[in-house]
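2 protein chains.
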Amino acid sequence: MSKLYVIGTGPGGLEYLPPIARSAIAESKELVAYGLYLDLLGELIEGKTRHDRPLGEEIERARLALQLAAKGETTALISSGDIGIFAMATLVFELLEKEPEADWETIDIEVIPGISAMQAAASKIGAPLGHDFCAISLSDLLTPWETIETRLKAAGQGDFVISFYNPVSIKRDWQLGRAKEILLEHRPAATPVIIGRNLTRKDEKITVTTLAELDTTQVDMLTLVMIGNSESRHIQVGEGDSIRDWVYTPRGYSKKLVSKEANTANESATEISEANA
Amino acid sequence: MSKLYVIGTGPGGLEYLPPIARSAIAESKELVAYGLYLDLLGELIEGKTRHDRPLGEEIERARLALQLAAKGETTALISSGDIGIFAMATLVFELLEKEPEADWETIDIEVIPGISAMQAAASKIGAPLGHDFCAISLSDLLTPWETIETRLKAAGQGDFVISFYNPVSIKRDWQLGRAKEILLEHRPAATPVIIGRNLTRKDEKITVTTLAELDTTQVDMLTLVMIGNSESRHIQVGEGDSIRDWVYTPRGYSKKLVSKEANTANESATEISEANA
Numbered sequence: 001m002s003k004l005y006v007i008g009t010g011p012g013g014l015e016y017l018p019p020i021a022r023s024a025i026a027e028s029k030e031l032v033a034y035g036l037y038l039d040l041l042g043e044l045i046e047g048k049t050r051h052d053r054p055l056g057e058e059i060e061r062a063r064l065a066l067q068l069a070a071k072g073e074t075t076a077l078i079s080s081g082d083i084g085i086f087a088m089a090t091l092v093f094e095l096l097e098k099e100p101e102a103d104w105e106t107i108d109i110e111v112i113p114g115i116s117a118m119q120a121a122a123s124k125i126g127a128p129l130g131h132d133f134c135a136i137s138l139s140d141l142l143t144p145w146e147t148i149e150t151r152l153k154a155a156g157q158g159d160f161v162i163s164f165y166n167p168v169s170i171k172r173d174w175q176l177g178r179a180k181e182i183l184l185e186h187r188p189a190a191t192p193v194i195i196g197r198n199l200t201r202k203d204e205k206i207t208v209t210t211l212a213e214l215d216t217t218q219v220d221m222l223t224l225v226m227i228g229n230s231e232s233r234h235i236q237v238g239e240g241d242s243i244r245d246w247v248y249t250p251r252g253y254s255k256k257l258v259s260k261e262a263n264t265a266n267e268s269a270t271e272i273s274e275a276n277a
Numbered sequence: 001m002s003k004l005y006v007i008g009t010g011p012g013g014l015e016y017l018p019p020i021a022r023s024a025i026a027e028s029k030e031l032v033a034y035g036l037y038l039d040l041l042g043e044l045i046e047g048k049t050r051h052d053r054p055l056g057e058e059i060e061r062a063r064l065a066l067q068l069a070a071k072g073e074t075t076a077l078i079s080s081g082d083i084g085i086f087a088m089a090t091l092v093f094e095l096l097e098k099e100p101e102a103d104w105e106t107i108d109i110e111v112i113p114g115i116s117a118m119q120a121a122a123s124k125i126g127a128p129l130g131h132d133f134c135a136i137s138l139s140d141l142l143t144p145w146e147t148i149e150t151r152l153k154a155a156g157q158g159d160f161v162i163s164f165y166n167p168v169s170i171k172r173d174w175q176l177g178r179a180k181e182i183l184l185e186h187r188p189a190a191t192p193v194i195i196g197r198n199l200t201r202k203d204e205k206i207t208v209t210t211l212a213e214l215d216t217t218q219v220d221m222l223t224l225v226m227i228g229n230s231e232s233r234h235i236q237v238g239e240g241d242s243i244r245d246w247v248y249t250p251r252g253y254s255k256k257l258v259s260k261e262a263n264t265a266n267e268s269a270t271e272i273s274e275a276n277a
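Protein chains in written order, with UniProt numbering: chain A, 1 to 277; chain B, 1 to 277.
Worth double-checking, as some hints may not be accurate.
Note that identical chains are pooled: a pair holds if it fits in a single copy or bridges any two copies.
Listed next, the in silico DSS-like pairs over lysine-lysine satisfying Cα-Cα at most 27 Å (straight line) [what the hints assert, rightly or not]:
1. K205 <-> K3
2. K153 <-> K180
3. K29 <-> K71
4. K71 <-> K48
5. K71 <-> K124
6. K124 <-> K29
7. K3 <-> K202
8. K29 <-> K3
Bear in mind the hints are in silico, worked out from the structure with no lab data behind them.
Sequences are here, hints too, so could you generate the full structure?
Listed below in structure tokens is the structure:
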């Protein structure tokens with residue numbers, strides 16, 4: 001049976017690439033990806049056949065990966081981040097359903113998840129995803145803006161922590177500003193906002209600002225923007241040069257820490273652990 | 001400077017543990033966790049001091065980790081999944097702000113993200129997180145049920161793919177049923193629902209059902225429940241014994257695949273790649 005790996009390589013360097021992804025790459029002979037993502041894999045891809053395709057050719061990449069796998073060569077379709085989150089994996093299945101070619105149904109497909117941009121941003125700044133959250137793409141090229149606006153209002157009403165993927169592009173410069181307006185109707189002006197760029201890479205930059213002060217002109221396509229919920233906290237710890245900014249979202253809407261001695265939240269604490277098991 | 005690593009070890013086996021987490025564990029002398037998570041780490045934790053604390057003692061674990069680190073020993077606070085998502089990381093920062101002890105502000109804290117349950121579930125069943133999604137905890141012990149219900153309605157109105165963490169427990173048996181009722185007001189009865197248990201482990205079990213047919217009595221605390229959006233697709237590929245179930249959520253609300261030859265979605269495709277860079 002022919003094999004297609006669909007692999008997310010995480011935010012950047014190889015230190016985020018788990019053994020399961022590393023072995024899948026090692027097993028593959030044909031690699032399909034945007035070239036930059038392959039470059040990041042360094043010596044892991046030596047001796048393999050690269051099928052670089054430029055940005056914009058996502059459907060072609062997914063189709064090529066299926067075609068190569070159908071020919072019997074173990075193939076890997078690769079993107080950074082989590083390939084299942086706003087990325088290539090869904091195109092593989094959409095092609096499989098809507099434009100299947102001969103032999104595609106014999107391909108053994110295995111998706112391998114990776115650390116997504118929102119997780120990289122969250123880990124670098126503390127724990128803003130500690131409670132209910134959502135992820136929204138602000139690109140209105142495949143989704144009508146009205147649908148996105150409905151979703152933004154819903155995210156505001158639901159008080160979700162929000163991660164914006166594709167916040168702006170050269171052609172789309174007003175959507176993030178409109179999102180900010182909508183959210184200001186639902187949560188405080190002082191709500192912490194995290195702006196992360198080149199996360200986990202050498203030129204990583206993370207800034208914490210507020211919803212009211214969010215300057216949308218400082219955001220580009222490579223930026224992850226995360227908006228806290230109404231309870232998210234921005235704190236500063238330490239003194240002088242060693243001061244650190246942290247943002248976290250409490251586990252619930254109860255303000256009080258609960259200790260073992262007066263523990264009314266035992267079950268909830270248990271669930272927090274087990275849900276992640 | 002003393003060091004505290006806050007580490008998510010992913011869904012299960014060591015094949016999901018990236019080098020950055022592995023090195024952090026190797027560097028640490030004191031390990032604080034629920035015992036099962038340490039057991040899963042096998043030989044990686046040989047010779048280290050284990051501080052097992054039972055489920056329910058989450059705050060005590062976070063406090064102990066800070067105290068051990070403050071004494072100067074490199075310490076790791078560990079949970080499975082992503083420790084930043086519905087898990088321990090946020091407690092560290094909450095304690096740091098609200099109940100700080102002497103020397104805690106000199107601790108160098110580093111959070112290392114992991115693959116969360118929703119990502120493990122998504123990767124095993126295809127690409128249900130291909131478009132806007134949210135994650136909601138159904139535990140009403142720290143969050144009033146009214147707040148959760150508002151959030152469920154918002155998630156319904158916004159047509160988000162939804163992952164439920166803490167869907168039920170022994171004491172909470174009706175919340176998932178109520179969530180199902182609310183969502184049925186907003187999306188089709190045939191909406192795909194994914195039920196995943198022991199994801200990536202030997203006894204992994206994944207079932208695909210529909211929103212109308214979701215049997216909440218089959219869900220327990222260790223289960224991840226994911227509800228598709230109104231466009232999510234459940235497909236079956238292959239024949240006979242080799243038939244596979246896949247669920248995916250298309251990238252947008254445009255039904256048509258767009259090829260290079262007739263590409264009106266070039267920019268969007270570009271953004272999908274770059275946002276994950």
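Cross-check of the supplied hints:
1. Proximity of K205 and K3 under a CA criterion of 27 Å is satisfied inter-copy only: 22 Å between copies versus 38 Å inside one chain copy.
2. For the identical chains of this complex, K153 and K180 are neighbours both inside a copy (11 Å) and across copies (22 Å), given an alpha-carbon limit of 27 Å.
3. With identical chains, the CA atoms of K29 and K71 are at most 27 Å apart within one copy only, with a shortest distance of 12 Å there and 50 Å across copies.
4. For a Cα distance limit of 27 Å, the shortest separation of K71 from K48 inside one copy, 16 Å, qualifies, whereas the shortest one across copies, 49 Å, does not.
5. For the homomeric pair K71 and K124, the shortest alpha-carbon distance between copies (24 Å) is at most 27 Å, but the shortest distance inside one copy (42 Å) is not.
6. Within a single copy, K124 and K29 get their C-alpha atoms only as close as 35 Å, which misses the 27 Å cut-off; across copies the closest is 23 Å, which meets it.
7. Within a single copy, K3 and K202 get their C-alpha atoms only as close as 34 Å, which misses the 27 Å cut-off; across copies the closest is 21 Å, which meets it.
8. With identical chains, the CA atoms of K29 and K3 are at most 27 Å apart within one copy only, with a shortest distance of 11 Å there and 41 Å across copies.
The structure agrees with every numbered hint stated previously.
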